[in-house]
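**Student:** Work the whole structure out from these sequences, hints included.
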Amino acid sequence: MSTATASAPAAAASSRVDRRLVNRLGLFLGLGGITMLFAAFTSAYIVRSGGEDWTPLELPGAVWVSTILIVLSSGTLEMARRRFTGGALGAFRSWCAVTAALGVGFLLSQLNAWEALNEAGVYLQSHPKSSFFFVLTGVHGAHMIGGVIALLVLFAAAALGRLRPERSDAPALTAIYWHFTGGLWIYLLAVLSLLG
Amino acid sequence: MDHHHEQSFVSKYIFSFDHKMIGKQYFTLAMTMGFIGGILAVLIRLQLGFPSRPWPFLENLFPTGMASGIMTPEFYVSLFTMHGTIMVFFLLSLLPVSGFGNFLIPLQIGARDMAFPFLNMLSFWTVVPGAIIVIISFFVEGGAAASGWTAYPPLSGIRSAIPGSGAGQTLWLVGMMFFVASFTMGGLNFVVTILNLRTKGLRLMRMPLTTWAQFVVGILGLLSFPALAAGALLLMFDRSLGTSFFLPAGIFIGDTLMPHEGGSPLLWQHLFWFLGHPEVYIIMLPAMGFTSDILATFCRRPIFGYRSMVYAIMAIGTLSFLVWGHHMFVSGMSPFLGSLFVVTTLAIAIPSAVKAFNWLFTIVKARIQFTSASLFALGVVSLFVTGGLTGIFLGTNAVDIQLHDTYFVVGHFHFIMAGAGLFGAFAAVYYWYPKMFGRMLSERLGKIHFWITFVAYYAVFFPMHYLGHSGMMRRIYDPNVYEYLAPLQPVNLFITIAAFVLFIGQLFFLWNYFVSMRRGAPAEANPWKSAGFEWSTPPKPGHGNWEGEIPEAHRWPYEYAAPGRKRDYTPQWEA
Ligand code: HEM
Ligand SMILES: [Cu+2]
Chain H
1 MSTATASAPA AAASSRVDRR LVNRLGLFLG LGGITMLFAA FTSAYIVRSG GEDWTPLELP
61 GAVWVSTILI VLSSGTLEMA RRRFTGGALG AFRSWCAVTA ALGVGFLLSQ LNAWEALNEA
121 GVYLQSHPKS SFFFVLTGVH GAHMIGGVIA LLVLFAAAAL GRLRPERSDA PALTAIYWHF
181 TGGLWIYLLA VLSLLG
Chain U
1001 MDHHHEQSFV SKYIFSFDHK MIGKQYFTLA MTMGFIGGIL AVLIRLQLGF PSRPWPFLEN
1061 LFPTGMASGI MTPEFYVSLF TMHGTIMVFF LLSLLPVSGF GNFLIPLQIG ARDMAFPFLN
1121 MLSFWTVVPG AIIVIISFFV EGGAAASGWT AYPPLSGIRS AIPGSGAGQT LWLVGMMFFV
1181 ASFTMGGLNF VVTILNLRTK GLRLMRMPLT TWAQFVVGIL GLLSFPALAA GALLLMFDRS
1241 LGTSFFLPAG IFIGDTLMPH EGGSPLLWQH LFWFLGHPEV YIIMLPAMGF TSDILATFCR
1301 RPIFGYRSMV YAIMAIGTLS FLVWGHHMFV SGMSPFLGSL FVVTTLAIAI PSAVKAFNWL
1361 FTIVKARIQF TSASLFALGV VSLFVTGGLT GIFLGTNAVD IQLHDTYFVV GHFHFIMAGA
1421 GLFGAFAAVY YWYPKMFGRM LSERLGKIHF WITFVAYYAV FFPMHYLGHS GMMRRIYDPN
1481 VYEYLAPLQP VNLFITIAAF VLFIGQLFFL WNYFVSMRRG APAEANPWKS AGFEWSTPPK
1541 PGHGNWEGEI PEAHRWPYEY AAPGRKRDYT PQWEA
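One line per chain: the protein sequences are H and U, in this order. Sequence positions in the first sequence follow our numbering and run 1 to 196. Sequence positions in the second sequence follow our numbering and run 1001 to 1575.
Derived by calculation from the structure, the hints in this document are not laboratory data. Backbone N, C-alpha and C define an ideal beta-carbon position, used for all residues, glycine too. Warning: the hint list may mix true and false statements.
[What the hints assert, rightly or not] For the chain U half of the interface with chain H, some residues (derived, Cβ under 10 angstroms), not all of them:
#: 1; residue: Val1191
#: 2; residue: Leu1241
#: 3; residue: Phe1245
[To be verified] Label-pair distances were calculated between CB atoms; the ranges are:
#: 4; chain 1: H; residue 1: Ala172; chain 2: U; residue 2: Gly1548; range: 42 to 50 angstroms
#: 5; chain 1: U; residue 1: Ser1308; chain 2: H; residue 2: Tyr123; range: 54 to 62 angstroms
#: 6; chain 1: H; residue 1: Gly183; chain 2: U; residue 2: Pro1522; range: 25 to 33 angstroms
#: 7; chain 1: U; residue 1: Leu1389; chain 2: H; residue 2: Leu195; range: 38 to 46 angstroms
#: 8; chain 1: U; residue 1: Gly1254; chain 2: H; residue 2: Thr67; range: 44 to 52 angstroms
#: 9; chain 1: H; residue 1: Ala172; chain 2: U; residue 2: Arg1203; range: 24 to 32 angstroms
#: 10; chain 1: H; residue 1: Glu119; chain 2: U; residue 2: Pro1063; range: 46 to 54 angstroms
#: 11; chain 1: U; residue 1: Tyr1152; chain 2: H; residue 2: Ala172; range: 42 to 50 angstroms
#: 12; chain 1: H; residue 1: Asn118; chain 2: U; residue 2: Trp1055; range: 51 to 59 angstroms
**Tutor:** Structure below.
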């Protein structure tokens, strides 16, 4: 054992490997997995909406506030990403913070939607559509929390001077993930308001 | 990261980033789980061979399940549920895919490690809690889950349905969530690694079939396991939070009417089998890959029809997403939809036959060297053909209506999935052990192990087709409650005896595996004179796999008996 580890450079030292490509492919595959998760939820939703006990649900107004916030946040993150490639780290940090704030705003607005439903006497177990509403927004929210954490890590890394525009692809990767979760929300909203 | 430092015990053996160590960690976990799963199988057979006979000494081990030595029906259902779960997910997925995938992919494609070593470490340490939770579930109130490895609601959806539907089922679902998270991370890593980290000259069409199989398995895992995650989450809501995704109205437990309304138990079956069928190929494809690599080496010939083998793997992978309905022919699905699933199902027979014939053409007229590895690989071919033929019976809905939920199905999948998967894993261990531990396994013990396993395996599972055909239902606790099944008792007894032999036979393997680690003959770098790239590494490769530069690949991995060469093989890495 001891002789075996003593030599050879450590992993991933090979210069032929394009880390950017590797990371992007990894991210896209991960998004593929998340897509399948929601595809499964959607098919369950469609099957279940054919049931006799399916009751329509008036979506609370807060979901539209959420939608505006999440669309804006994609814009601000795009600003952040461009500042980053331009080397303006300070501006990058500010736009990151704005985006994270919008993300938190989105989550709060979703909670608001939950509360509005509860106040109207609609709960998770009230009927199938309300169950799906809570589950879908909940699972989507969990993915948004992941995105907010990633933004905060970026912010901290930039503040500590650990991010170098010519080397790091992390802001671009975070942006891809963030736009994806935003698009996912639009998709879920369409499902919830158009199907059943 | 390329400076050197002595690795601590923790970073070397526990939170290691090295794909080979992670592969071995998966090995240890999977073998432990497999051993437990094997004990459960023996207990299942004990009941079927000697229905409701008291075994007083077992009461000490399982005070409730075997109260006064007699197995309770509740314990019996937990046993087969956990046997299936442990074997399908924690042995046959973890060992060939996570274990060998991690160990072999970088070696076979000329990479220093996986694309995401940290994610790799994380994915191992995500499955460990899953395994622990699954095992712990035996010791909670009500015992382990008892709704089968397929966890069909309502049984799995109502906590008060039977004892195992309580805490045991909850832990089952939580354990599976960990498994899914780990396995999808692993699949992602496989795909990225294979696409991006191949050494110079190692084109896709020069990859060994093992790596091709792992590539497709990675994609299958990534795309199919999320469906199980979705289903498991919805089921948890049904169980604990009063929703009705899967639970219909009008269910009584004792005298209590359950509050659920309108849910669809069939919805669960669709979600489960959308994962479940790809999952069985996740188990089968690596075994096919190992078999191809091993047969080529020991027949000293190129694998026959390499390209068609690659396309067959892809075709099987694609089709495996389109056949799940064949598990639901008797669920009341429309006969038209049923026939569509018949067509897609039987279509899988085509690429499967391509593989079987290519193996036969590789073997035929070859002067095959009978080693433990090649014997087990031949075993895979044999089991695969037997199991594939019974698949055609089951895949035809008119026949399946008779055979569904009988021991015929148990026979079928123990041949094709469990059997071929297990034999593939054994073949692979005998073949790649020298690279893993730098020592050789004992061939003598290996051959004893093979013959006991092969004969006992057929003795256990072949008669099951007959039992099923005679009407013995799957998952039955005591067949003798039906008069027409009582005459089958001698067959059940025979199977139980053979199952004991099968279990004992595995002890030869365990002995060989552990003792050879210290006492086995030291291995050369390329003990089988194989042309595959992984054999270019030193006998026991260190972190980084190759000292100095990674060699280039100059040809495919099956260059045997090429005319005009002095040796009968030309390794991939030699110019
Ligand atoms: C020619 C190819 C195959 C055909 C036509 C086929 C067909 C079928 C059918 C129709 C069933 C459902 C039987 C029933 O429940 O009534 C079944 C069950 C099963 N098959 Fe196959 N099969 C094939 C290959 C495979 C392979 C390659 C594997 C695994 C590697 C596999 C694993 C299983 C398993 C695990 C089950 C049982 C699932 C359960 O109910 O617990 N089959 N097969
Ligand atoms: Cu299937």
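**Student:** Each hint should be assessed against the structure and marked as holding or not.
**Tutor:** Outcome of the hint check:
1. Val1191: 6 angstroms, holds
2. Leu1241: 6 angstroms, holds
3. Phe1245: Constraint on U:Phe1245 satisfied, holds at 7 angstroms.
4. H:Ala172 with U:Gly1548: 42 to 50 angstroms: Hint violated: Cβ distance 34 angstroms, outside 42 to 50 angstroms.
5. U:Ser1308 with H:Tyr123: 54 to 62 angstroms: Hint holds: Cβ distance 57 angstroms, inside 54 to 62 angstroms.
6. H:Gly183 with U:Pro1522: 25 to 33 angstroms: 57 angstroms, violated
7. U:Leu1389 with H:Leu195: 38 to 46 angstroms: The hint (38 to 46 angstroms, Cβ to Cβ) holds, given that U:Leu1389 and H:Leu195 are roughly 43 angstroms apart.
8. U:Gly1254 with H:Thr67: 44 to 52 angstroms: 47 angstroms, holds
9. H:Ala172 with U:Arg1203: 24 to 32 angstroms: 29 angstroms Cβ-Cβ, so the 24 to 32 angstroms window holds.
10. H:Glu119 with U:Pro1063: 46 to 54 angstroms: With a Cβ separation near 51 angstroms, H:Glu119 and U:Pro1063 satisfy 46 to 54 angstroms, so the hint holds.
11. U:Tyr1152 with H:Ala172: 42 to 50 angstroms: About 44 angstroms separates the Cβ atoms of U:Tyr1152 and H:Ala172, which means 42 to 50 angstroms holds.
12. H:Asn118 with U:Trp1055: 51 to 59 angstroms: 55 angstroms, holds
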